[in-house]
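In order, the protein sequences belong to chains S and G.
Residue numbering for the first sequence follows UniProt numbering, starting at 1 and increasing by one per position.
Residue numbering for the second sequence follows UniProt numbering, starting at 1 and increasing by one per position.
Don't read these hints as lab results, they were simulated from the structure.
Check the hints yourself; a few may be wrong.
Taking beta-carbon pairs under 10 Å as the criterion, some of the chain G residues facing chain S (in silico) [said to hold, decoys possible]:
1) 167
2) 168
3) 173
4) 174
5) 175
6) 176
7) 187
8) 190
9) 193
10) 226
11) 229
12) 230
13) 245
14) 246
15) 248
16) 252
Beta carbons: idealized from backbone N, C-alpha and C, even for Gly.
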Amino acid sequence: MREPAVRTLGLNVWFGQNQVLHSVSITVPRGAVYAVLGPSGCGKSTLLRTINRLVLLREGAKVEGLVEVLGVDVYRDHSAEEALSRVGMVFQTPNPFPHLSIYDNVAIGPRLRGMARGRELDKLVRWALEKAALWDEVKDRLKSPASSLSGGQQQRLCIARALATMPELLLMDEPTANLDPVNAAKIEELIRELSREVTIILVTHDAEQAKRLASAGALLFMGRVVSEGPISSILSRSYSSIIQSLVHAARTSHPTGKPHAGER
Amino acid sequence: MKPRSIRRKLADRAVHLLTAASALAILGVVGHILLSAVVEGLPALLLGASFLLEPPGPPGGDVGGVGPSLAGTLVTVAIATLASAALGIPAGVMLSEERGSPLAKAAEKAVELIAESPSIVVGLVVFTLLVVPMRRPSALAAAVSLGVVALPYVAAQVRESLAAIPLAYREAAFSLGLRKWEAVFLVLLPMNARGVATAVLLGSMRALGETAPVLFTAGAAFHAFYGIDKPSSTLSLLIFLFAGTPYENWRRLAWGAVLLLTLLSASLAFATRRLAGRVRM
Numbered sequence: 001m002r003e004p005a006v007r008t009l010g011l012n013v014w015f016g017q018n019q020v021l022h023s024v025s026i027t028v029p030r031g032a033v034y035a036v037l038g039p040s041g042c043g044k045s046t047l048l049r050t051i052n053r054l055v056l057l058r059e060g061a062k063v064e065g066l067v068e069v070l071g072v073d074v075y076r077d078h079s080a081e082e083a084l085s086r087v088g089m090v091f092q093t094p095n096p097f098p099h100l101s102i103y104d105n106v107a108i109g110p111r112l113r114g115m116a117r118g119r120e121l122d123k124l125v126r127w128a129l130e131k132a133a134l135w136d137e138v139k140d141r142l143k144s145p146a147s148s149l150s151g152g153q154q155q156r157l158c159i160a161r162a163l164a165t166m167p168e169l170l171l172m173d174e175p176t177a178n179l180d181p182v183n184a185a186k187i188e189e190l191i192r193e194l195s196r197e198v199t200i201i202l203v204t205h206d207a208e209q210a211k212r213l214a215s216a217g218a219l220l221f222m223g224r225v226v227s228e229g230p231i232s233s234i235l236s237r238s239y240s241s242i243i244q245s246l247v248h249a250a251r252t253s254h255p256t257g258k259p260h261a262g263e264r
Numbered sequence: 001m002k003p004r005s006i007r008r009k010l011a012d013r014a015v016h017l018l019t020a021a022s023a024l025a026i027l028g029v030v031g032h033i034l035l036s037a038v039v040e041g042l043p044a045l046l047l048g049a050s051f052l053l054e055p056p057g058p059p060g061g062d063v064g065g066v067g068p069s070l071a072g073t074l075v076t077v078a079i080a081t082l083a084s085a086a087l088g089i090p091a092g093v094m095l096s097e098e099r100g101s102p103l104a105k106a107a108e109k110a111v112e113l114i115a116e117s118p119s120i121v122v123g124l125v126v127f128t129l130l131v132v133p134m135r136r137p138s139a140l141a142a143a144v145s146l147g148v149v150a151l152p153y154v155a156a157q158v159r160e161s162l163a164a165i166p167l168a169y170r171e172a173a174f175s176l177g178l179r180k181w182e183a184v185f186l187v188l189l190p191m192n193a194r195g196v197a198t199a200v201l202l203g204s205m206r207a208l209g210e211t212a213p214v215l216f217t218a219g220a221a222f223h224a225f226y227g228i229d230k231p232s233s234t235l236s237l238l239i240f241l242f243a244g245t246p247y248e249n250w251r252r253l254a255w256g257a258v259l260l261l262t263l264l265s266a267s268l269a270f271a272t273r274r275l276a277g278r279v280r281m
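With these hints in hand, go ahead and build the complete structure from the sequences.
Spelled out as structure tokens, the structure:
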């Protein structure tokens, strides 16, 4: 049996004196869209950043416990950097590099890692932009600054940037949270497409979105995993009151009363 | 109107007048310096090419020029800028990216120590380490002393420009699957290239204006530029030594050098401000 894409065991994370994650144990199967659900401030984003070690960029961060990514303990093994080079990430707020063009934003990862050059790189950039459903919109202005794109386009550019490094695991931190319903729907469609080839961990506080996209997941509350398993079981069985409040929060935050992807 | 209200209004007026007077006093001092430099230095500068290329005239004779000292200044400042950038940029990166580590803390203290040391001490140290073994002052020794003086400014500015990069871009850079130093040097530093260029320009401004470090290290070769490893001179050294002489033509030359140095500094300052203003984050 193949090892899971991600496995954490007894994971504790602190920022200074403040413990953010408490003994978190999850298993993310390969090939799944795995949702990490929970209300704001429950530690979802911290869990995601602990998986690819970005958490260590924060002042006073301390990690304890096992974090296995693609079969490698990323806090102890020497091959951690190689394993993490197969992990991509998309953030809540689109963050294309402001000093680079649309093309260079996608090309920077493979170029600096020596994955492709010249025409090969051109092909890879086009492939990533097509995968991110952005190619048709930007093919005539690849040299324009990334900042000239709209918010939704910038987020798809960031997805293309992550895809261009050919990740086996894609971490997505509320990728639709800052988008309007139309762009959020486009990103959701993209996640469905990508899930055929890449394992995706999707952080969301929108239970409806998790239901639409994920096959499995974990529910976090105040830094603790309160439920893990198939998404339908998480959303229907125990801790229904927490789920109800999540669904309610998503519905009431939308002017039409209908929840959409990630709007707060 | 109540007496308390009148008192507050008077106090407000007094503070306003005091701050305005302070600002005017500073403007007056700067204006006086600039006006003196222009009035006293313009006649020499108007000599044109002969002022910029020729050596000084004999005592009490023709004004001549500052050619060798200008060449010495350009060469020493260029070498000092390169040296301070070569050491200061990696030092600034380490101070920013390894902050909190014992090595970074020690480096921070060392940078502070150099910045706070009187620059004449730096000159004396370089005299002991370079001039004595080489048995002569040189443009190289002057450049090294100026580079050491400029170093803390470059390191501090690079550290600040890296620290100013928002966490979102930092996370994006580190999520590309690069090693830490690749992400810093190949993504974050180029992202703030203007900040780095500003740091280097600030260092060169500092090197351009310093006199004390070159007193012991440059020599006093005002009549020709003999080469990097030979005695040399700089504009600031020429001003220091010629302005106090009893010879009218040398004092005019010194004022001309003051105006030239002011124009060079102002150009660098202008370039620095333009670059700093364009730093996008």
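Comparing the hints with the structure gives:
At about 7 Å, the closest approach between the beta carbon of residue 167 of chain G and any beta carbon in chain S falls short of 10 Å, and the interface hint on this residue holds. About 4 Å separates the beta-carbon of residue 168 of chain G from the nearest beta-carbon of chain S, less than 10 Å, and the hint is met. Annotation: interface hint on residue 173 of chain G holds; nearest CB of chain S at approximately 8 Å, less than 10 Å. Because the smallest distance between the Cβ of residue 174 of chain G and any Cβ of chain S comes to about 6 Å, under 10 Å, the interface hint for this residue holds.
Taking 10 Å as the C-beta contact cut-off toward chain S, the hint placing residue 175 of chain G at the interface holds, the least distance being around 4 Å. The interface hint given for residue 176 of chain G is met, as the beta carbon of that residue sits about 4 Å from the closest beta carbon of chain S, less than 10 Å. With a cut of 10 Å, the hint placing residue 187 of chain G at the interface with chain S holds, because the nearest CB-to-CB distance is about 7 Å. The interface hint given for residue 190 of chain G holds, since its Cβ lies 7 Å from the closest Cβ of chain S, which is under the 10 Å cut-off.
A cut of 10 Å between beta carbons decides the hint on residue 193 of chain G: the least distance to chain S is about 7 Å, and the hint holds. Violation of the interface hint for residue 226 of chain G is found here, the shortest Cβ-Cβ separation to chain S being roughly 44 Å, above the 10 Å cut-off. Look at residue 229 of chain G: its Cβ only gets to about 40 Å from chain S, farther than 10 Å, so that hint breaks. Given the 10 Å rule on beta carbons, the hint for residue 230 of chain G is violated: about 43 Å separates it from the nearest Cβ of chain S.
About 52 Å separates the beta-carbon of residue 245 of chain G from the nearest beta-carbon of chain S, more than 10 Å, and the hint is not met. Because the closest C-beta pair between residue 246 of chain G and chain S is about 57 Å apart, greater than 10 Å, the hint is violated. Here the hint on residue 248 of chain G is broken, as its CB sits about 54 Å from the closest CB of chain S, past 10 Å. Interface restraint check for residue 252 of chain G: the shortest CB-CB distance to chain S comes to about 48 Å, outside 10 Å, so the restraint is violated.
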